[in-house]
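J.: If you want the building blocks of each chain, they are given just below.
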Amino acid sequence: MIAAFKQANPDAKIDATIFNYPEYLVDLQTRAASNTMPDIVGLQPGALTQQYRANLMPLQDCAEKTWGADWQKKFYPIGIEQARMGNPAGDENFYTLPLLVQTVNLWANTKIFDEKHAQIPQTWDQLKATVNQLNGGEYAPFMLPAKDSWLRNVVFLQIANNVEPGLVYKAEDGSDSWTNPKLVEAFDYWGKLFTEGIAQKGAIGLDAYPTGANQFEAGNAAMIPLGAWWIQQSDPTKTGLPPLSEGMSGYQPFLFPTIPGGAAQPQLVGGIDVSLGIAKNTKNPDLACKVLTDWIAGAGAQKLINTFNDLPAVTGLNPEKFTSDRQKQIWTTLTSDWMPQVKYSRYLKTPQMDTALGDALSGIATGELTPQAAAAKVQAEQQKVNG
Amino acid sequence: MSDHTVQKHTAPREWLAGTLFLLPAIVLFTIFVVYPIVYNFQASTLDWDGVNPGRFVGLGNYTRLFQDPIFLTTLKNSGWWILLTIIPQALIGFFLAMLLNEKLRGRAIYRAIFFIPAVLSPVVVGIVWQRIFDPFNGVVAKLGRATGLDFLVHGYLADPKSAIFAAIVVNVWMWTGFSMLFYLAGLQLIDSSVLAAAKIDGAGTWRTIRSIIWPLLRQTHLSLLLLGIIGSLKTFELVYVLTEGGPNHATEMLPTYTFKQAFQLQSVGYASTISVVLLLIAVISSLSMVRAFGSGFLTGDEK
Numbered sequence: 001m002i003a004a005f006k007q008a009n010p011d012a013k014i015d016a017t018i019f020n021y022p023e024y025l026v027d028l029q030t031r032a033a034s035n036t037m038p039d040i041v042g043l044q045p046g047a048l049t050q051q052y053r054a055n056l057m058p059l060q061d062c063a064e065k066t067w068g069a070d071w072q073k074k075f076y077p078i079g080i081e082q083a084r085m086g087n088p089a090g091d092e093n094f095y096t097l098p099l100l101v102q103t104v105n106l107w108a109n110t111k112i113f114d115e116k117h118a119q120i121p122q123t124w125d126q127l128k129a130t131v132n133q134l135n136g137g138e139y140a141p142f143m144l145p146a147k148d149s150w151l152r153n154v155v156f157l158q159i160a161n162n163v164e165p166g167l168v169y170k171a172e173d174g175s176d177s178w179t180n181p182k183l184v185e186a187f188d189y190w191g192k193l194f195t196e197g198i199a200q201k202g203a204i205g206l207d208a209y210p211t212g213a214n215q216f217e218a219g220n221a222a223m224i225p226l227g228a229w230w231i232q233q234s235d236p237t238k239t240g241l242p243p244l245s246e247g248m249s250g251y252q253p254f255l256f257p258t259i260p261g262g263a264a265q266p267q268l269v270g271g272i273d274v275s276l277g278i279a280k281n282t283k284n285p286d287l288a289c290k291v292l293t294d295w296i297a298g299a300g301a302q303k304l305i306n307t308f309n310d311l312p313a314v315t316g317l318n319p320e321k322f323t324s325d326r327q328k329q330i331w332t333t334l335t336s337d338w339m340p341q342v343k344y345s346r347y348l349k350t351p352q353m354d355t356a357l358g359d360a361l362s363g364i365a366t367g368e369l370t371p372q373a374a375a376a377k378v379q380a381e382q383q384k385v386n387g
Numbered sequence: 001m002s003d004h005t006v007q008k009h010t011a012p013r014e015w016l017a018g019t020l021f022l023l024p025a026i027v028l029f030t031i032f033v034v035y036p037i038v039y040n041f042q043a044s045t046l047d048w049d050g051v052n053p054g055r056f057v058g059l060g061n062y063t064r065l066f067q068d069p070i071f072l073t074t075l076k077n078s079g080w081w082i083l084l085t086i087i088p089q090a091l092i093g094f095f096l097a098m099l100l101n102e103k104l105r106g107r108a109i110y111r112a113i114f115f116i117p118a119v120l121s122p123v124v125v126g127i128v129w130q131r132i133f134d135p136f137n138g139v140v141a142k143l144g145r146a147t148g149l150d151f152l153v154h155g156y157l158a159d160p161k162s163a164i165f166a167a168i169v170v171n172v173w174m175w176t177g178f179s180m181l182f183y184l185a186g187l188q189l190i191d192s193s194v195l196a197a198a199k200i201d202g203a204g205t206w207r208t209i210r211s212i213i214w215p216l217l218r219q220t221h222l223s224l225l226l227l228g229i230i231g232s233l234k235t236f237e238l239v240y241v242l243t244e245g246g247p248n249h250a251t252e253m254l255p256t257y258t259f260k261q262a263f264q265l266q267s268v269g270y271a272s273t274i275s276v277v278l279l280l281i282a283v284i285s286s287l288s289m290v291r292a293f294g295s296g297f298l299t300g301d302e303k
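Chains as they are written, first to last, in my numbering: chain A, 1 to 387; chain B, 1 to 303.
Simulated from the structure, these hints should not be mistaken for lab results. Being a predicted model, the structure only gives us computed values, none of them experimental. Hints are all accurate, no fakes.
As a list, the in silico DSS-like pairs of lysine-lysine whose alpha-carbon atoms are at most 25 Å apart:
1. B:K76 to B:K161
2. B:K161 to A:K192
3. A:K290 to A:K65
4. A:K201 to B:K142
5. A:K303 to A:K13
6. A:K238 to A:K321
7. A:K182 to A:K377
8. A:K170 to A:K384
9. B:K161 to A:K377
10. A:K349 to A:K182
11. A:K13 to A:K290
12. A:K116 to B:K142
13. B:K161 to A:K201
14. A:K290 to A:K6
15. B:K234 to B:K76
16. A:K238 to A:K303
17. A:K349 to A:K377
18. B:K76 to A:K377
Input sequences plus hints: build the corresponding full structure.
T.: What follows is the structure in structure tokens.
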């Protein structure tokens, strides 16, 4: 991405540092405290962006200067909506702009499904039936890497939005309650993943990365909840790809099955993967703006999208080369069919609620909490957060 | 010039020279130890996200901490960790050291094999053992299914009742070699004439170990005890990778909870409170040990 930008701007000098996520949080906080913020910084929407809001410059002028007055139309709607998530009332500034977006969804190992003449499930009952059909093999019919709080939360949000679309966010803003029977029902269906033998044994002890992802890629699972970013497994710039990942030959994305009595169609949940912001005290605001906008929608963005790392935040940006028809079909599904329709956020607004929800779901998974008790706990935390 | 005058002139010079030699260490100690402690204590009096201005809350964080059920869980887990880590590591490490102190063929290789886990990255150890313990696809579960030993198929890391003990098993596996090394060093220091005399007097192996070797390794025991307590209180990477403190905080330790509060929940003030308490526990443990057993095990003196 740097090289692509520098080709058009040879005088520019860009130093980039890549971290793993926990170390990144530590580094960022240290830099903010020591007033040594980098010119451009990657952030997740919501709480993380808000934590650094005072250190960031508003970006709408940069965006308008680069893309014109209707620049917001370039982005998927959920990206624009989430970019200002958590802004104080009346603050309409964009402190970050989305770089990559994603849906959260399920993936099927089509080789297993073909071998077993099984159908990708569309409803909860079909999910149960498919799991029964696929049981007994060397693979998990439904591999749920539930150790990670973020994964528990995104699976629950898919279930909850299928039970009653949008209700979770009403509970979040206080206009409804987490103890609403429909949300209790959603907690109940989460629990059923464990009590009805849908998820594999020991699911709460398995992490998504690296173990769950490795297992799925090795063919040890028929289904797994992850997200659009799974397409990165077919990154054509990598060599030695596992057979299933070559051109996405062994995978098919699908949405979480509908829940009995809930929405007739599965709902789309997703949002920003990562955004970019510019430090308020950057010595090079014009250059930083040029780099940021290039990496979001220019030559740098094209380089990034060519790796299939995730979905672009802007519409109409596609990889220059597909390695298979399957890969292209999946890309089209994700970017043209799903992403424009994503209405429901994969994030809650505050880390306290993310944690409270993750803990409640863990409690249900281990049998320590009933759905009702879990809902009550989450509601209690929500009341604290909302003041 | 008299001797008294010479002493009067050399004493301040010696004092100055001594101080100058100590100064680099004092400066480093002040910057990297004292200052962070003071900073942490200051931060613990704030409701602060680490980035934006904080709000002074006095001892409010401490009041909140001692009513926090998760913090109380971390104390309980630390207690289990200390008890069930130090004793097995010491006993197994001692046993291995005794075996590998003998003139065995290939003992250098065996020593290396037993010590290797201690030099592995805790992140790697955590990832590998998570797979080993996976009740669906892990080695232990597969062995259980093949042999009919059902207890091996249990999800130990997924069960809140057993997760902390499963993590402890991994920790014992990882650090026993370290204890072995300490005991090997201690065994080298035992005067062989004492052991020869015991043999002449007719003492058997078990009597020699119980009455001579074990007591003579007192300083090794105490060193391992202190290092074990401090190491247990500091445990982070292994637990974070194995269980992330779950399921449902069942394996939460003080450092993992501190990390979550500081960097996931944006509560640096509260995290600093936990750090201060952790420091106090470590200092009190160390001072108690010195008081009970003398400082000889630290300095190498007899007492």
